[in-house]
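Undergrad: These are the residues of each chain, in order.
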Amino acid sequence: MAECHPVGFQWVMEAKARGATLIHVDPRFTRTSALADVHVSLRAGSDIAFLGGLVNHVLQNEADFREYVLAYTNAAAIVREDFRDTEDLDGVFSGLDTEHRTYDPATWQYEGADVPSVAGEGDEEFEERTQAGATIREAARVEAHGSGGAGVSGDIHTDETLRHPRCVYQILKRHFARYTPDMVEQVCGVPPDTFRQVCELVTANSGRERTTAFAYAVGWTQHTVGVQYIRTASILQSLLGNIGRPGGGILALRGHASIQGSTDIPTLFNLLPGYIPMPHAHADQTLESFIEAEGTVKGYWGNMRSYLVSLLKAWWGESATADNDYAFDYLPRLTGDHSTNETVLAQMEGTCKGYFLMGENPAVGSTNAKMQRLGMAALDWLVVRDFALIESATWWKDGPEIETRELRTEENGTEVFFLPAASHTEKSGSFTNTQRLLQWHREAVRPQGEARSDLWFTYHLGRRIREKLAGSTDDMDRPILDLTWDYPVHGDILEPDAEAVLVEINGHDARGAPLSAYTELKGDGSTTCGCWIYCGVYADGVNQADRRKPHTEQDWVAKEWGWAWPANRRILYNRASADPDGRPWSERKALLWWDPEHRRWSGPDVPDFQPDKPPDFRPAEGARGPDALRGTDAFVMQADGKAWLYAPAGVVDGPLPAHYEPHESPFTNPLYSQQSNPIRQVVKHPVNRYQPPGSPVFPYVTTTYRLTEHHTAGGMSRWVPYLAELMPEFFCEVSPELAAERGLEHLGWATIVSARTAVEARVLVTERMTPLTVQGRTLHQIGLPYHWGPNGYSTGDAANELAPVVLDPNTHIQESKAMACDIRPGRRPRGPALLEFVRDYRRRAGITDETGMEM
Amino acid sequence: MGRPRDALTGVAAGRRRRRGRGEQPVVPDAQFTSYYGRPVVKRPVWRTLDIAGYLFVGGLAGSSSVLAAGAHFTDRPTLARAGKITAAGGVVVAAVLLVHDLGRPERFVNMLRVFKPTSPMSVGSWLLSGYGPAAGLAAVSAVTGRLPRLGTLATVGAGLIGPTITTYTAALISDTAVPAWHGGHREMPYVFAGSGASAAGGLGLLAAPVWENTPARRMALMGGIVELAAYRLMEHRLGMVAEPYRTGTAGWLVRASEALTVAGLAGAVLGRRNRLVCAVSGGALVSASAFMRFGIFKAGVASAEDPKYTVGPQRERLNARDGSGIGRV
Amino acid sequence: MAVRRWLKAWPVFRQLRGEDPSGRGEAAKSRHTAELRARVSTADEVVKSICPYCAVGCGQDVFVKDGRVIHIDGDPDSPISRGRLCPKGSASLQLTTGPGRWYEVLYRRPYGTEWERLGLDEAMDMIADRVIETRRQGWQWEENGVRVRRTMGIASLGGATLDNEENYLIKKLFTALGAIQIENQARI
Amino acid sequence: MSQVSPGPPRMGFFTDTSVCIGCKACEVACKEWNAIPEDGLNLTGMSLDNTEKLDANTWRHVAFIEQRKPLAFQEPGVRHTGPVPDLATPPAEAPMTPMTPGEPGDLRWLMASDVCKHCTHAACLDVCPTGALFRTEFDTVVVQADVCNGCGYCIPACPYGVIDQRKEDGRAWKCTMCYDRIGDGLQPACAKACPTESIQYGPLDELRERASERLDTMHAAGVTDARLYGDDPNDGVGGTGAFFLLLDEPEVYGLPPDPVATTRDLPAMWRHAALAAAGLVGAGVIACLRSS
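Residue numbers (the working numbering), protein chains in the order written: chain A, 1 to 855; chain B, 1001 to 1329; chain C, 2001 to 2188; chain D, 3001 to 3292.
What the hints contain is simulated information worked out from the structure, not anything from laboratory work.
There's no promise every hint is true.
As the list claims (entries may be wrong) - No more than 35 Å apart at the CA atoms, straight line, and that leaves these computed lysine-lysine pairs for DSBU-like:
1. D:Lys3053 - C:Lys2065
2. C:Lys2008 - D:Lys3053
3. A:Lys589 - C:Lys2048
4. A:Lys589 - A:Lys559
5. C:Lys2065 - A:Lys559
6. A:Lys559 - C:Lys2048
7. C:Lys2008 - A:Lys549
8. C:Lys2008 - D:Lys3167
9. C:Lys2048 - A:Lys549
Okay, chain A solo, but in the shape it has when bound (with noise of 0.2 Å):
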């Protein structure tokens, strides 16, 4: 955190001012470690292992918040009879489907549960015809959860005794058991004396008087296993009542000015903005029954239809009427996988043929780089907008393939433009950053020269295409004709008003007066609306997201600062900051609390929570949305309105964690005979080849990182000489030991390879990195910044050449935090050796197409 968000990392540094213990977990000691308590150097790609060993530490000490557990976790809910766990199948749980690389999800359940059918309503002969419950689970659907849990009905059987032998929190148990401090020395390479300091020091300081907050990254998330991993936190943190109360939480660091705000506004394929899934392809679909399928009966996913239909009528207008579904069928629609890896893929077949890349650098910035390229070098056209000749726009005259003669550029039959974009002093927009807190930032300038937004650009290409079909009377064209695309333009470069587009998110009533918030969204067509969690930032015709009241007039919530989604609350499910009855848990830590004497949530928080609703509130029978909610359903966004301390629904790799190896791991996995996940997604392809588990040919696991002084891929700093001046070059880091074994020199080179290919990168040898002992034997690791590519100011190889396609089943994000290599001194082959090189690391670890396929 110090590395990578040293501002953010002030407020640790405020915690730890106030007598808080910082402990942190990394195969490198970095400049976080530097000033943390503790540091836990543990082997990348077993973070399961170590969370899982602390769940086990707390549910054998029996540590866990009892009263929030009860409260406000499923622990208490009994699960089916026909639930096997990996405990029972050996590292894979019931309902694995080993021809299609899936898992239906139906065992998982709940007792007495509905269970929903995962491609909606019936539609047998369809779902037969193309496995479509396979391809729906291809489809990232556990993102349309970005802002509650999954959908779950009917009359959950409950053991409030906790004794239950299917109750959650006995089947946590029993799965968690093998998680010991000895397995977690065996699997992370973490002594046990260090682990059980970091377990007590975990649970002393959480409860009812303190709360211990988790802070991640990609770390976490890029990970063949990623979103178990951030499940495993989820557990913990709601066994140890961390959640929805001050100082606790699971905070995701992200790394990019609005990486939040393009997943709540999604540039994503699975998703419409809101967390409202894209429809996939069934037969006869309709609003409704779109609505039926996706819509939860209780909680705030029960109004789905207020928010698909105010999107609808914020796209089309006029033209979306109850007649025509509010234009519903002008939504395209998917048939499985259409993530950014999946595209690359259908660029190398010839279906995808034109790509727009705007402000991001995948030759460099994506896993397996070369593939990335090769995608694009079989486009017929590409458009690049940047600040400067990224990669990803020069790849045809000279990227590592024409060095290596895979492509000539008389050859290559691409057409390029590139497109400079104004920076974010020359527009104005918001970003919405790592805690949902959406911030205006004004136009300072114009844009000089050719530069434009891609506010300006998007527009004006949208009214041009529009100009040029005007008058089609091909049914094709009529979502984009009938489009609501006429915002006001300013200035003499035809600049879109920002700020209107924001009044079309923030959404208005029928009589065109802005919404203040979601709950006032209607399904009947009256109201308007372009992003359903956004509403309410333009409320009053105020610009929410542009206030700035000084922190220094407000209290520490600061809620006159931007505007965060949903309803501008700052803290989530903020009622499990009191205790069932309405009280804070601890004078200490009260942020919210029931005011009897004016029945309404009261505290510096906005409540995440119906205002009004008391503790005791019961629902009535058959109510739906949030009325169906009692007063102690403290998780709004579930459909049970609990903390999932088992998943019984949403995720598709399974109800809980197990720790499975990474796909290129240079070891087995001790816990279970299933060595990695099941099904995490593959790519079978010539230039996407896998390393076989535990090959001696790749001893070494490497890890991608940032480094403070640089951002991404490169494209913001490696162009700013007064960053580029800080860290000059791409290099490795490795301990002295490993130095030792390979022959080393310390700023020297060094050849990093993979089944992929080879990069070189300069050596620093520090006892920063340390050797581990995994399984018996040492393993060393190797750390490399992933910020170069051969373009820019400063330059180097670019780390993602060495990442293969492999992804989280959930996300489809790639796994390249874990990845088993070879290191060896000197420089890399050129040109075409390069290749053979490579070739022949193939060969002596028996490479061959089928390698790595296997489940």
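Chains B, C and D: place on chain A using the hints.
TA: Same frame as chain A, now just chains B, C and D:
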């Protein structure tokens, strides 16, 4: 601004084994410690030819003015004229060297913007601006024979300011953090005065006929002996910081200088009746002076480049002062 | 008069007058120094902004003079950052106004070996044509007999430092075009 | 002088290295504000320090020191067993990032942002012949770029090796404590940016008080190797306007352990120079005496 920070890393929790509170052992370092061997002080950015050259030329000129004045009043016209011309030529060369070494030569007049007794360079600039015209006038008068009274006055002036030109440069280089210079600040003026005198004498021997060169020989003798003695004293006082004077280019230059001085003096004394021997001896002395200045310059630069010469004496001083210092050197 | 003014400005004269005898303080101050102001103090405008790098969301004050950004400083009012910036945030002036920026449209024709210049207007027109053509070529009404109403011919991958409003228009436009392969850094 | 109203208090920096996270925001913020040239790409192998030193183009420099020493009771989580190679080897020739030898398994990573010390007795200022360097009303030491003629005297005069000549420009440059900013009531750019308040700016008296409290707290907590550097008005430079809390000996950070303003010895130098000059006059007289 804010409050005092109390974020004490590792205190709230952390390693419990090994040692208890307040018992952190200080690991004694067997070796000298520095930041990756980087110099602590900056080496002078002055160009060797410019500034070591200036130290030499200024010393020669200033001392020559003294000798010239003496010769002037004791009726040794050739010696006097040679001294005056050397002084005037020297001061012109010196000024050119000084201006040439400036980062912004066009701003050389800024040297007279302030008068700062705390800055030997400022004092030197003012001295030079008095000495330059005097030396010039004296020389012009001597060569042309015109304005004899003014010439005499200028000769006296130059003769009186000249010595300061010779010795202020010792203060100039000593008044720095360069260990090999600053550490020798007491002896350096005598080294410079001696070296200047020896050079001026040498030049006199070179220029004057045998019947006029007695003052030059005496000047050279006195200068050379003082120079050698003061230098030895300085070396002794510097202790380990004298190392740069003995090693590398500086060591070679200083040894050559000493040898040339001894040889020059011997020649000047033993061959005093032979014009050629006198001239060669004079040349040796002039070169010796130049070698000495270049050697001192180089030694200073070398001492600044190695942090041990900065840290070592300071650490010793600290240890001696409070006795409790942790031995690092 | 001129001589007197010169004399009064001459630090030696000021030294002699006793204001600063050693010449190390007031007397040595140049007129330029005496008139020195922080350039932010003379800015025409302070524009409130947010750092474009990571998702902490530090507040920035953008100082503008004569239509140019002259400095970017941390916004002390922000409850998130309290005026502080990391090295990247601190470099945002150079990011936005430095030598790394490119301001011209470039075009590489198929099989071309070099970049060519192209006007922005022409480029936009050509891109619009490509979109229309590729969309028509790759149009699918159905797949496996089920309505999909889409094109698989066009994809987009966006960074995550784009504004919400930009993302909104991108999603809206491409969805209306029937393109579904719209992705961003969040998946990476 | 007496009729002049008292000026602002002496302003300074207190750099508490125990909370420095080595982010280098100070370096960049300084360069942005003062428009200092970028100075080249050089991977040094000195831990994560690729800036190396303070010079004309670097007015804040973050030092990184890896040591086999404990940081109070921190658990560093590393498991090395072998000896550490000779630390006197220059980084370019060293087999690893040079580090202080100690017990295997101990590790601490010190980071410290160095800056011009703005000495009470500033040698650079004393020796400057043009008055380009001057003492401001805040008792800071500033070079005036419009006056400096690049004589270079200040450079070897500084006991900390701070001020330096910019090659392409000829003049001497160093930290001004953002004289233009503080004159307008703003914080210096580095202190403003510093995320963890490792760099604190304020009236020197307050800072010294704060620092001494901080030191007491640290000592009480058992961090016995914490010490202040530059806070003593009786040291060789009369105390510094920018002072530090360090966790090891100053030389570990590249700082001189007992710096002295060279001009403290200037009176002696003048005396000796005058004596030597007088001697030279005497020598001239003796040399020219006619033997009777």
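Undergrad: For each hint, tell me whether it holds in the structure or not.
TA: Comparing the hints with the structure gives:
no.	hint	result
1	D:Lys3053 - C:Lys2065	34 Å, holds
2	C:Lys2008 - D:Lys3053	40 Å, violated
3	A:Lys589 - C:Lys2048	33 Å, holds
4	A:Lys589 - A:Lys559	18 Å, holds
5	C:Lys2065 - A:Lys559	32 Å, holds
6	A:Lys559 - C:Lys2048	18 Å, holds
7	C:Lys2008 - A:Lys549	50 Å, violated
8	C:Lys2008 - D:Lys3167	33 Å, holds
9	C:Lys2048 - A:Lys549	12 Å, holds
Hints 2, 7 from the earlier list are contradicted by this structure; the remaining hints agree with it.
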